[in-house]
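Okay, so the sequence shown: first residue is 1 according to my numbering, each after it adds one.
Certain hints may be false.
To be verified - Pairs of lysine to aspartate or glutamate residues, derived as DMTMM-like cross-links and limited to a Cα-Cα distance of at most 25 Å, are as follows:
no.	residue 1	residue 2
1	192	272
2	192	224
3	192	304
4	192	90
5	192	173
6	192	208
7	192	340
8	192	174
9	192	139
10	192	168
11	192	217
12	192	279
13	192	316
14	192	275
15	192	137
16	192	44
17	192	180
18	192	211
19	192	256
In short, the hints are calculated from the structure, not lab data.
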Amino acid sequence: MTELQLEGVTKRYGAGGSGSGDGAGDGDGTVALRNVDLTVRDGEFFTLVGPSGCGKTTTLRAIAGFEAPTDGTVRFDGEAVTDAAPEERDVGVVFQSYALFPHMSVAENVGYGLRYRESPAGTSADERVRELLELVDLEGTGDRDPDQLSGGQRQRVALARALAPEPDLLLLDEPMSALDARLRESLRRQLKRIQSRLDITTVYVTHDQAEALAISDRLAVMRDGRIEQIGSPREIYREPSTRFVAAFVGDNNVFDATVRGRDGDRTRVAVDGSDREFEVADVPAGAERVSFCVRPAALARDADANRFAVEIETSEFRGERVRTYGRWDGGSVVLQFDAETPLPSDPDGLDNGATATTDGGAEAVDDGGAETADDGDATINGDVVVGFAPTDAHVLETQSAEERR
Numbered sequence: 001m002t003e004l005q006l007e008g009v010t011k012r013y014g015a016g017g018s019g020s021g022d023g024a025g026d027g028d029g030t031v032a033l034r035n036v037d038l039t040v041r042d043g044e045f046f047t048l049v050g051p052s053g054c055g056k057t058t059t060l061r062a063i064a065g066f067e068a069p070t071d072g073t074v075r076f077d078g079e080a081v082t083d084a085a086p087e088e089r090d091v092g093v094v095f096q097s098y099a100l101f102p103h104m105s106v107a108e109n110v111g112y113g114l115r116y117r118e119s120p121a122g123t124s125a126d127e128r129v130r131e132l133l134e135l136v137d138l139e140g141t142g143d144r145d146p147d148q149l150s151g152g153q154r155q156r157v158a159l160a161r162a163l164a165p166e167p168d169l170l171l172l173d174e175p176m177s178a179l180d181a182r183l184r185e186s187l188r189r190q191l192k193r194i195q196s197r198l199d200i201t202t203v204y205v206t207h208d209q210a211e212a213l214a215i216s217d218r219l220a221v222m223r224d225g226r227i228e229q230i231g232s233p234r235e236i237y238r239e240p241s242t243r244f245v246a247a248f249v250g251d252n253n254v255f256d257a258t259v260r261g262r263d264g265d266r267t268r269v270a271v272d273g274s275d276r277e278f279e280v281a282d283v284p285a286g287a288e289r290v291s292f293c294v295r296p297a298a299l300a301r302d303a304d305a306n307r308f309a310v311e312i313e314t315s316e317f318r319g320e321r322v323r324t325y326g327r328w329d330g331g332s333v334v335l336q337f338d339a340e341t342p343l344p345s346d347p348d349g350l351d352n353g354a355t356a357t358t359d360g361g362a363e364a365v366d367d368g369g370a371e372t373a374d375d376g377d378a379t380i381n382g383d384v385v386v387g388f389a390p391t392d393a394h395v396l397e398t399q400s401a402e403e404r405r
């Protein structure tokens, strides 16, 4: 196993640098990485996630040795490898395109790396290839050509080839981006199983937030060549540190507000664009302005606190859940309900423009036109009332990663 460390890694192209790459431009050329500090623990599955151009692939290439940092240090187990060539770093790499050799069989592709490195002790090259094809569930395919395989099978051949010489570190650059959603999910589970079995330190690059949350031990969210936040999937999802992370990782509702008063561990805030005041927890002492987020699932119709009316605009059926988009006087809002909940856009539910508020006896907004049934359900002009507990509001840092430096 290997511990990976990046210390102040910066990559600049153009003036003061070389080559071409993605990243934000400034007076010193295009800066793809800005003072990146990162530690990946022994045996950890670590993911770099972010939008296109954020620097995640450049980071991976700097780890592999394909890109030389303009500044900073790359260390494997404490030893600086910044100037070492890729073949001297003992890493296995799986590229987005798989990069299989079309003129070689599957077995020859898997065994290619063993031409330059010895097989594990006591194992011949042929035995090692058979072991790896079995590991990735491709027994019996060794004599086939890569173009005779499906996309998912080719991805597994590329993984087996990267693992053949037993590298200290496994690097994967969006290896599943070209696959359909169902196959990605299946291969994701298989990859995690293999990584756990081999206990190999792994760095995975993806732009898919859901994939990053599902597969990682920890992950780093990147933006404009910087790391915005590092944490476990649960921490990143439930406790985003910045507005960018809150908005990028899953749907979220972000509110900006002015502090009005405090009562113990609760703070009363007035939300911008609205005459509503909410109570939230964990607002820093002395703060006059605050931004906080509330996940869609936390906005409940049976909540007792922080209630407000939402005009539903559209809904998306997602199996067991329905994701609903609407507006209130403070702006847009995203909600989540059980699939059995009838919504205005549901042709099998209520008529368009009416919403039942059945969960927990929640009430509808009464503007004088509501009709209430005998069982307590109410409908009113497409509005539904939701609320959230003060502890379900997560307060965001007021500075981005760039501003904190």
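So, going through the hints one by one against the coordinates:
no., hint, in the structure
1, 192 - 272, "44 Å, violated"
2, 192 - 224, "28 Å, violated"
3, 192 - 304, "41 Å, violated"
4, 192 - 90, "21 Å, holds"
5, 192 - 173, "15 Å, holds"
6, 192 - 208, "16 Å, holds"
7, 192 - 340, "33 Å, violated"
8, 192 - 174, "14 Å, holds"
9, 192 - 139, "19 Å, holds"
10, 192 - 168, "17 Å, holds"
11, 192 - 217, "10 Å, holds"
12, 192 - 279, "41 Å, violated"
13, 192 - 316, "30 Å, violated"
14, 192 - 275, "48 Å, violated"
15, 192 - 137, "14 Å, holds"
16, 192 - 44, "11 Å, holds"
17, 192 - 180, "18 Å, holds"
18, 192 - 211, "11 Å, holds"
19, 192 - 256, "39 Å, violated"
The earlier numbered hints that this structure contradicts are 1, 2, 3, 7, 12, 13, 14, 19.
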